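**Student:** These are the residues of each chain, in order.
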Amino acid sequence: MAPEALLSPLHRADGSATYTHNRYSILGAVNGPIEVQRRDEMPEEATIEVNVRPAVGVGSPKERHLETLLHSTLRSIILVRSIPRTLVQITLQIRSLPEEDAMLGVNTSLLILPHLLHTALLALLFSSVPLRAIVTSVLVAIPFTKGAGPLLAPSAKELMRAKPFKSIHVFAFSGDRKMLLNESDGVFGFEEWDEACEMAEEVCCKEEGGVGLGEGMEVDGQSATENLEQWLREVVKSKVEREQRWRVAT
Amino acid sequence: MPREAEISLNERAFIQQALQEDLRLDGRAFDAFRPLQLTFGDEYGVADVQLGKTRVIARVSVEVTTPPPERKFDGVFQIITEFSPMASPAFEIGRPTDAEVILSRILEKAIRRSNALDTESLCIIAGLKCFALRADVHIVDHDGGLIDASCIAVMAALQHFRRPDVIVEGERATVLSVREREPIPLSILHQPLCVTFSYFEDEDVFLVDANAAEEQVRQGEVIVTMNRHGEVCQIAKYGGATMDPLAILNCTNIALQKVRELSKFIQARLDEDAAKRNAGGLLAELSAENAR
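If you're matching them up, the sequences are chains A and B in order. Counting along the first sequence from 1, when you hit position 13 you're at 13 in my numbering, and nothing is skipped either side. Counting along the second sequence from 1, when you hit position 32 you're at 32 in my numbering, and nothing is skipped either side.
Rather than coming from a laboratory, the hints here were simulated on the basis of the structure. Heads up, a few of these hints could be off.
Stated by the list, open to error - Subject to a maximum C-alpha distance of 20 Å in a straight line, what follows is the list of computed EDC-like cross-link-like pairs (lysine to aspartate or glutamate):
1) A:K157 x B:E180
2) B:K72 x B:E171
3) A:K62 x B:E120
4) A:K239 x A:E4
5) A:K206 x A:D176
6) B:K109 x B:E92
7) A:K157 x B:E171
8) B:K53 x B:E70
9) B:K53 x B:E180
10) A:K146 x A:D194
11) A:K157 x B:E43
12) A:K157 x A:E4
Stated by the list, open to error - Just a sample of chain A residues kept apart from chain B, beta carbon distances all over 12 Å, derived:
13) L7
14) S16
15) E99
16) E192
17) W193
18) K237
19) Q244
20) A249
Model, not experiment: these values are computed from the prediction. For each residue, glycine too, the CB sits at the ideal point set by N, CA and C.
So here's chain A without its partners, still in its complex pose (with noise of 0.2 Å):
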């Protein structure tokens, strides 16, 4: 299943994006380039400000080890430098998450990343902030269960199913291949780390032959996620589409 995306939902921000994916649904804003106040004020470059806004309640340090997780992640892929003394600021509001998140027993940080990453991606995107590259993100997790294979962005029932974990990694990727997070939880070695990074690798970046990938991850007889990228394209392209509608009835 491919993640849902819905566009520039919110009037008042510069760029906005509600994003559902495996029943986890996140609303993202993007306010920037603006004012920054004089105690954040960098001489050469922007000031990102993450917010990540829990669906209950008031932030917790788990959200505030996901700000700097995304903030550093972000600031990477945003051209800090083209404008500086100023201030990008994002919101990420979680909308909902599934039931059974709690119940897992593994870290629950990791299993929103991917998701927020994107949700800040999308909104970064539409908000004409000046972007380096653009970043895609999967989760992986290893269970303990011999034969069972690693499973590549998964549900929260197929996590219900195979749990206990071995271990979940979470990577990120630039459009050029270029890894920019990985975030790690669980026992490993360096054998399955790579071997995970590889399927993360394979979901998130696009292959020039243009070879069907997730056609080999099999989980429960549909295949897993179709290409990240691409999937990022696609909406990016349907939204100029249809800004660029006056355009092409002429």
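Model the placement of chain B on the given structure of chain A, informed by the hints.
**Tutor:** This is chain B only, laid out in the frame that chain A set:
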């Protein structure tokens, strides 16, 4: 944080002059609400209200805690409002603006202190265990009328919410999950709703549901909270303008009419949602609720 852009003198004069000619910027009547949309989420207790361009999401959740010792027979009910930079870059996290303080105070008075929710029904074992209900109000898009929209969202979410059932055996209480027993609705005693009137002193005009531009021009506001039975829960007046007491009485009459329309609308949407969930008509059999 950048400050909210102030409305220009020209715009201000334009709005005022239009009001003198009995016109509003968007062509609405003086006592008309913007188009209202209300959608519910997949889970119980999530209401998404869109009032024109204003959008508010309310989410009700529950957990089990110990009640405070001075209120042994009551559950806990909290309404949490926090503005996020999503609605406007002028809102900063952790530093409430005046509008935010006023909003949370009004919701507190309108819903909590008017006893809209029967908190005694949230008690599980007196003095030991009770449900703690919290309503999180997320302001997502801001174009005026936040108080009205938030109040609608919270009331709709409360009416939509279902809390898990419990079995009490002596001192032991077991909370049953959704799979074990159908969750039960909250006991709501009445449905208060807010109607905000914006007062323009020079023109002597009251506007219902002003948008952000009109809110910046107004000299005063009156917030009337009442339920559809015509009981006034609270009236608050902000801003420096002096108002005629008779005009406020007139406001309550208009508010009653609006509140009736709104409650009818909310009920219709709740019924639609219930019908959608009740595919096959099996829900009545699942319910463990006794008829009163």
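**Student:** Would you mind marking each hint as holding or not holding in the structure?
**Tutor:** Structure-based check of all given hints:
1. A:K157 x B:E180: holds (19 Å)
2. B:K72 x B:E171: holds (15 Å)
3. A:K62 x B:E120: Status violated; Cα separation ~34 Å.
4. A:K239 x A:E4: holds (13 Å)
5. A:K206 x A:D176: holds (9 Å)
6. B:K109 x B:E92: violated (24 Å)
7. A:K157 x B:E171: violated (35 Å)
8. B:K53 x B:E70: Cα-Cα ~43 Å, so violated.
9. B:K53 x B:E180: Given pair K53 (chain B), E180 (chain B) is violated - Cα atoms ~41 Å apart, limit 20 Å.
10. A:K146 x A:D194: Holds: K146 (chain A) and D194 (chain A) sit about 18 Å apart, inside 20 Å.
11. A:K157 x B:E43: This hinted pair holds, its Cα atoms lying about 16 Å apart.
12. A:K157 x A:E4: With a Cα-Cα distance of about 18 Å, the restraint between K157 (chain A) and E4 (chain A) holds, given a limit of 20 Å.
13. L7: holds (15 Å)
14. S16: For S16 (chain A), whose nearest Cβ neighbour in chain B is about 8 Å away, the distance does not exceed 12 Å, so it is violated.
15. E99: violated (8 Å)
16. E192: holds (35 Å)
17. W193: The claim holds: W193 (chain A) sits with its nearest Cβ about 36 Å from chain B, beyond 12 Å.
18. K237: holds (26 Å)
19. Q244: With a cut-off of 12 Å, Q244 (chain A) remains clear of chain B, as the shortest Cβ separation is near 24 Å.
20. A249: holds (28 Å)
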